[in-house]
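This is what each chain is made of:
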Amino acid sequence: MGRESHVDLSKTVIAMHDIVKKFGDFVANDGINLTVHKGEVHAILGENGAGKSTLMNVLYGLYHPTSGYIEVNGNKAAIDSPEKAIELGIGMVHQHFMLVQPFSVTENIILGMEPVKGLTVDLKSAREQVIELSQRYGLQVDPDAKIEDISVGMQQRVEILKVLYRGADILILDEPTASLTPQEIGELIEIIGHLTKDGKSIILITHKLKEIKASADYCTIIRQGKYIQTVNVAEVNEDQLAAMMVGRDVTFKVDKKEQKPGEDALVVKNLHGKDYRNVEILKGLDITVRKGEIVGLAGVDGNGQTELVEIITGLRKGTEGSVMIHGKEVFGKTPREIFEAGITSIPADRQKHGLVLQFSVADNLILQNFGEEEFSSHGILKRDAIQKKATELIEKFDVRPRGSEGKPAGQLSGGNQQKVIIAREITNDSELLIAVNPTRGLDVGAIEYVHKYLVEQRNKGKAVLLVSFELDEIMSLSDEIKVIFDGKIVGSVPGRDANENELGLMMAGGGAHE
Amino acid sequence: MFLRNLGLLINATMTYTPPLLLAALGSCFSERSGVVNIGIEGMMTIGAFVGAAMALTCGNPWIAFLVGGLAGALFGLLHAMACVSFQADQTISGTAINFLAPGLAVFLCKAIYDGSSDTPAVDISAKLPKVFDGIFPVGSFWDNVLSNYSVAYLSLVLVAVIWFVFYKTRFGMRLRAVGESPEACDTLGINVYRLRYICVILSGFLAGLGGAYITLATVSQFRPIVIVGQGFMAISAVIFGKFKPQGALLACLLFGFCNGVKVLATSSNVVSPNLISMIPYIVTILALVLFVGTARVPAANGKPFQKAK
Amino acid sequence: MSNAKEKTKNSFGTKILHGNLLYTLISILVGFVVGAILLQAAGISAGEAYGKLVTGVFGKPKFIVWAIVYASPIILTGLSVAFSFQTGVFNIGAEGQYVVGTLAACIVGVFVKVPAVIHVPLCLIAAALAGGLWSMIVAVLKVKRGINEVLSFIMFNWIAYYLSNYVVNIPAVHKEGGGEATKDILESATMLIRSESLQEVLGSGASYNIFVAVIAAVVIAFILNRTTLGYKLKAVGFNRHAAEYGGINSNREIMTAMSISGALAGMGGACQLMGMGMRISQFSSQESFGFQGITVALIGSTNPIGCIFAGLFYGAMKYGGTKLSLVNAPSEIVDIIMGTIIFFIAIAHVFKRLLLSYAGNKKAKGEGGAK
Chain A
1 MGRESHVDLS KTVIAMHDIV KKFGDFVAND GINLTVHKGE VHAILGENGA
51 GKSTLMNVLY GLYHPTSGYI EVNGNKAAID SPEKAIELGI GMVHQHFMLV
101 QPFSVTENII LGMEPVKGLT VDLKSAREQV IELSQRYGLQ VDPDAKIEDI
151 SVGMQQRVEI LKVLYRGADI LILDEPTASL TPQEIGELIE IIGHLTKDGK
201 SIILITHKLK EIKASADYCT IIRQGKYIQT VNVAEVNEDQ LAAMMVGRDV
251 TFKVDKKEQK PGEDALVVKN LHGKDYRNVE ILKGLDITVR KGEIVGLAGV
301 DGNGQTELVE IITGLRKGTE GSVMIHGKEV FGKTPREIFE AGITSIPADR
351 QKHGLVLQFS VADNLILQNF GEEEFSSHGI LKRDAIQKKA TELIEKFDVR
401 PRGSEGKPAG QLSGGNQQKV IIAREITNDS ELLIAVNPTR GLDVGAIEYV
451 HKYLVEQRNK GKAVLLVSFE LDEIMSLSDE IKVIFDGKIV GSVPGRDANE
501 NELGLMMAGG GAHE
Chain B
1001 MFLRNLGLLI NATMTYTPPL LLAALGSCFS ERSGVVNIGI EGMMTIGAFV
1051 GAAMALTCGN PWIAFLVGGL AGALFGLLHA MACVSFQADQ TISGTAINFL
1101 APGLAVFLCK AIYDGSSDTP AVDISAKLPK VFDGIFPVGS FWDNVLSNYS
1151 VAYLSLVLVA VIWFVFYKTR FGMRLRAVGE SPEACDTLGI NVYRLRYICV
1201 ILSGFLAGLG GAYITLATVS QFRPIVIVGQ GFMAISAVIF GKFKPQGALL
1251 ACLLFGFCNG VKVLATSSNV VSPNLISMIP YIVTILALVL FVGTARVPAA
1301 NGKPFQKAK
Chain C
2001 MSNAKEKTKN SFGTKILHGN LLYTLISILV GFVVGAILLQ AAGISAGEAY
2051 GKLVTGVFGK PKFIVWAIVY ASPIILTGLS VAFSFQTGVF NIGAEGQYVV
2101 GTLAACIVGV FVKVPAVIHV PLCLIAAALA GGLWSMIVAV LKVKRGINEV
2151 LSFIMFNWIA YYLSNYVVNI PAVHKEGGGE ATKDILESAT MLIRSESLQE
2201 VLGSGASYNI FVAVIAAVVI AFILNRTTLG YKLKAVGFNR HAAEYGGINS
2251 NREIMTAMSI SGALAGMGGA CQLMGMGMRI SQFSSQESFG FQGITVALIG
2301 STNPIGCIFA GLFYGAMKYG GTKLSLVNAP SEIVDIIMGT IIFFIAIAHV
2351 FKRLLLSYAG NKKAKGEGGA K
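Chains as they are written, first to last, in the numbering used here: chain A, 1 to 514; chain B, 1001 to 1309; chain C, 2001 to 2371.
Among the hints, a few may not be true.
Partner residues are not named here, just some residues of chain B that face chain C (Cβ under 8 Å, in silico) [as the list claims (entries may be wrong)]:
#1 L1009
#2 A1096
#3 N1098
#4 P1102
#5 G1103
#6 V1106
#7 R1170
#8 G1172
#9 F1232
#10 S1236
Computed list of lysine-lysine pairs in DSS-like fashion (alpha-carbon distance at most 25 Å, straight line) [claimed, not checked]:
#11 A:K317 x C:K2144
#12 A:K352 x B:K1307
#13 B:K1244 x A:K117
#14 B:K1242 x A:K146
#15 A:K389 x A:K452
#16 A:K117 x B:K1168
#17 A:K146 x B:K1168
#18 A:K22 x A:K38
#19 A:K407 x C:K2352
#20 B:K1244 x A:K146
#21 A:K274 x C:K2144
#22 A:K124 x B:K1244
#23 B:K1303 x A:K352
#24 B:K1307 x C:K2352
#25 A:K84 x B:K1307
#26 B:K1307 x A:K124
#27 B:K1307 x A:K22
#28 A:K146 x B:K1303
#29 C:K2144 x A:K333
#30 A:K283 x A:K269
#31 A:K274 x A:K352
#32 B:K1242 x C:K2144
#33 C:K2144 x A:K352
#34 A:K22 x C:K2352
#35 A:K256 x A:K210
#36 C:K2352 x B:K1303
Hints were generated in silico from the structure; no laboratory data involved.
C-beta: ideal position from N, C-alpha, C; glycine also.
Start from the sequences, fold in the hints, and give me the full structure.
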C-alpha cells in the first residue's frame, strides 16, 4: 500500500526508558523501552493482556510507573496526571470512549478546557473552533448532535478532535479500529496520514497485523509485559509479526472438512424490530441456518445484529415477523420457552449477559438449568448435585484454577470465564448454537480453543450462527457468510469464496449481491 | 371569600415551600454530581437547631441563618469524606447522618438548655424579617400574598441563580459531566473528587439553611419534631423535578400548594384532616403515573468513583 | 507437619479478615467511644451512662425479656430491608409497610372473635398481606411505569401514616373514654406469655414475638441460600442482564422480592402490636420504624441471621436508652452511637483493605520475603 512516510528521524518526541509498572504482585510492564520520532506512526503490538494499554496509561499520566523514566522532546518529564500529559502535548484516544452521553459533540470536545466569556461558557466560539478543526483534518462531525445519537465512527472522530483541540502533537490511539468497517478503517488511515503530514506523531496500540502493515512505520512488540523487539514495518510480514507477538508460530486457518448441511434449524423471516431508543433497526430480515453448518453474520456494530440475536433468544420483543427454531414458531415467546425449543447461546458481553460475577462458578453453571430435576426439587436447590456437576465440568473444560467451584466467577480470567459459559452451553446440548463475539478479549490460546469448539459442534451436525465484528474470524470459520447492513441481509457468500474487500463493501452498504 | 381563600392558599404555599426548596436545591447539586444524599433530613435538623440556638445567643437572624447553613455543611463534609474519599456506600452514609445529626441536635439542646429538648422561643427581633410587613392591612388578600419572609423570595431567586450556574457556567458543565461520566472527566484532567466534595458540602449547606428557615421563620423555636420528613420530601421533589432546579421548584410549589389546601380544608372541618393530609402524596403519585414517568437519573449516580493509580 | 498447622492458622486468620464480622465489631466499639467522648464533653459521666445501659438491660431477668420483646419487631423490619437489598432494591418504604401491617393486625385483633390459636396467626397473616400489598403497589409502579421506587415509597409512607391516624379516629375503632388511640386488641390476639409460672420469672410483659422473628429469619435465610427463589432473586440483584439471559423474569422477581419484604415489615408491626403495644396510638410524627429496620439490616450485613443479632443489639440499646434519663443522660446518645456505628460500617471496607494488605505483607515477609 503506497504510503508516504513523514518520519523525521532527527527529532525524537517520546523516549520511554525501562518502564516497570506493578499492580501489587502483578508485573504489567517489565522494563519496556519505546522511542518515537516526529511524524512517525509507531505501532505497539501485543496480545490482550500483554501490557500495551498499561504502558500508554503510564505515558498519559493515568498510572505512575513503578520505575523508569520518560523524556518528551528530549526533556525528562514526570507525567503524574493527564493534565500534565496534555500540557506536554500528549493526547489519548481511549479504546472505550470516554464521552459524556447526553452532552453534545462540541461540549464533549471542550470539556475541561472550556472557552469562557465572562461567567458563561462560550459555546458559540467553541462550536466555531470545532468546525475549523474538523475541516482542517478531515474529521467529519456534527457539532450539535448528542453523543448518544451518533455512530461509533463519529464518536471516534470526536475523541480525536478532543485530543487535537488540546493542541496534542503526539496522539495515542488505543485499539482504534475495533468497531469500524474496512472502509472506515481506510478513512482512519487517511486521517492518520493527514496528521503525520502536519508534523504530528502517532502511537497506535493494536493487535491487528493488517493495520500495522497498512499504516505504521515502526512497531514495538510486547509479550506478557516484556519488551521483545522494535521492527521497521516495511521489512517484516504479518506472519513474522504474529510469531513475535505470540512467541511461537501461529496458524490462522482452521481445519474444516467439507460437509453437506442438513435440515433447517433456524428460519427467520421478515423480522422487524426496534432498538433501545424505539427506532426501527430490523427492517425485514431473513436468515436461515441449517444443521451441520456455520453461518457467519458479518457487519459493523449498530446494524441490527445485536437486536437480531436478542429477538431470537427472547430478550427483546420484535415488532413483526417469524422466528422458527426446529420448525417451531418462537416469535414473541419468553427466553425460557425459546431456550426449551432447543437453542443455546454464547452472549456478546460475557460479563454483562453471560455470568453473574458475584455468584460462584458452580452457581453460574446452572444459570439456565437451576429449575431442572437434576438440580432442584420443589424449589429447593440440591447443593450436592450442583457441586458435583460443577467439578465435572471444570475438569472437562479445563477451567483454571481447579477447585474454583465455590469461587466467585469474577475472580477468573477472561478466557476461563468464557470456558465456564461454553461449558454451561454445551451441557444444554441443543441443536442450534448462537455465538456472538465469542473471542472478544481473549488471548490467542483461548481463541484457538473457542474456534475449535465451534467447528466441533458444526462437525457433529449442530447449526451454528456466528455473529462477530472480527472479519477474519468470520472468514476462517464460516461455511456461509451473510452480511447485515441497516437491518437487512444484503449479501450472501460461500465461506471459501469470500473476499475481504467485497465483504467490506457490503458491510458499508455498497454493492448488494444475492 | 374566594379571594380570601386564594390569599390564604398562596400564603400557606409560600410558608411551606421555601425550606423545602432550599433543601431540594442542595440535593440537586449532590445528585447531579453523582452522589446520592439521603442525609438531607439530618442536615436540615442540625441546621434548624443551630440556627435557633444562634439566634437566641446573638440575636441576629442573618448570622443565625448562615451558621445554621454551616452546620449542615459540616455534615455535608462528613458525607463527602465517606462517599468521595472512602468510597462508602452513599445510602449507608446518608442513613448514618440521619441518625447522627438529629441525635446530636437534641443532645446539644438538652446540654445547653437545661435538659429540655426544645429551645426557648426565638424573639421576633431575632427572627428572619418579613418583607412588606405591615404595609397592607393585616389579613387582607395582599397581606397574605406578599407578606412573606424575605428568605422565601430569596429562595426563588436562588432557583434562577442555580439554573444559571448549572447550564451556563463552566462549573455547572463540569458538575453535570461528573455526574454522568466521571471516568471521562478524569481523563480530561478534571478533579472529580474536588468537584464532588464541593457539591456535597453545598447540599449540606443549603439543607442546613432550609432547616434554619423553619426555626427562624415559620416555627420560632427548635423542637425535635420540627423536621420530620421534609428532607425526604425534598428528595422526592428533586426526583419528581427530574434533577433540574426548575423542576425541583415546580415540585416544591406543588407540595406547598397541596399543604396549603390541607390547611384550608382542615380549618373548614368538612372532611377528616387525616384524609386531607394524604392529598399531596396521592397527587404526586398520580402526577407521576399520568404525566411525568421516568426520570433520567445521572448515569454515575450512587456509584463511588475511584481514580486508578 | 508444621505446614498444615500454619495453613489452618492462616485460613482462620484470613477468614476473620475477609469476613464482615470483625469490622462490624470494630465499628460498634468506635461508636461507643465516640458516644463516651460526647457524654464527657457534656459533663455527663460516660461510665455512669453506659453502666445504666448495661444494668438497664441485664439487671433483672424481666429487663432482658423486655429488651428481647422490644427487639423482635425491629428484627423483622431489618429482615425486610435486608431481603429487598438482595434484589438490589432499597426498601425505604418499610415504615409504611410496618404501619399498615399494624393497622391490619389491629382491626383483626379488635373485631374478630376467635380463639387465640387461630387469632394470633390470623392477625399475623393479615399484617403480612397488608404490608406485602403496600409494597407491591410500589413494585408495580416501578416495573410497569418506571417510577422511581424511592419516591413512591416515601409517598406511601406518608399515606400510611395519615391512614393510620384516620383509622384511629374512626368512632367504631377509637378507644372508649378519651385517649388518642384505638381500642385494645382482644386478649386472644396478644402474644403475651400466659403461663403464670413463666410470668413470675420473666415478668408480666413477656411475649413470644421473638419466636416469630427468629423463625422468620431462619426461613428467609433458607429461602436465600437453598431455594430456587433465592437463587433467582440474588441473580437479579447482582446482574439483571445475566439473569434474564438465563431465562429469569427479572421484573417478576423484583415484584416478588418487594412483596415479601413488605410482608416482613408488616409482620414486624404486628409483632409490636401484639407483643407490646396492644393498641395503636395517634401519631404525632413518623416513628422511624423503617429506619430502625435499615440500621438493623446494615449492622447485620444484610444477612438474615445477622439481623437477629443486630436486632437484639438495637433493641437492647433502645430499651436501655429509655432508662438513661434516670442518670440525667439524654437518650439521644443512643442515636448518636448508632449513627456512628453505621458510619463506620460504611467506610469499613477501607480498613478491610488496609488490614488485608498489611497481613499480606507480613505473610510474605514471614516466608523469607519470597515472591
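Can you confirm whether the C-alpha distance between K2144 (chain C) and K352 (chain A) stays at or below 25 Å? Judged against 25 Å, a Cα distance of about 23 Å means the pair holds.
Given the hinted pair K146 (chain A) and K1303 (chain B), is their Cα-Cα distance within 25 Å? It holds: about 24 Å lies between the C-alpha atoms, which stays within 25 Å.
Holds or violated: K352 (chain A) with K1307 (chain B), Cα cutoff 25 Å? Holds, at roughly 23 Å.
Is the hinted pair K22 (chain A) and K2352 (chain C) satisfied, with a Cα-Cα distance of at most 25 Å? Roughly 22 Å separates the two Cα atoms, so the pair holds.
Would the pair K256 (chain A) and K210 (chain A) pass a check requiring their Cα atoms to be no farther apart than 25 Å? 24 Å, holds
Hint consistency between K317 (chain A) and K2144 (chain C) [alpha-carbon to alpha-carbon, up to 25 Å]: 16 Å, holds
Is the interface hint for F1232 (chain B) satisfied, with its Cβ closer than 8 Å to some Cβ of chain C? 5 Å, holds
Could you grab the alpha-carbon distance between K124 (chain A) and K1244 (chain B) and see if it respects the 25 Å cut-off? Holds - the C-alpha atoms of K1244 (chain B) and K124 (chain A) are around 24 Å apart, at most 25 Å.
Is the straight-line distance between the alpha-carbon of K389 (chain A) and that of K452 (chain A) 25 Å or less? 23 Å, holds
Please check whether A1096 (chain B) passes as an interface residue: C-beta within 8 Å of a C-beta belonging to chain C. 4 Å, holds
Would the hint on L1009 (chain B) stand, with a C-beta cut-off of 8 Å toward chain C? 20 Å, violated
Within 25 Å, alpha carbon to alpha carbon, are K146 (chain A) and K1168 (chain B)? 18 Å, holds
In the structure shown, a violation is registered for the earlier hints numbered 1, 7, 8, 18 and 26, in ascending order.
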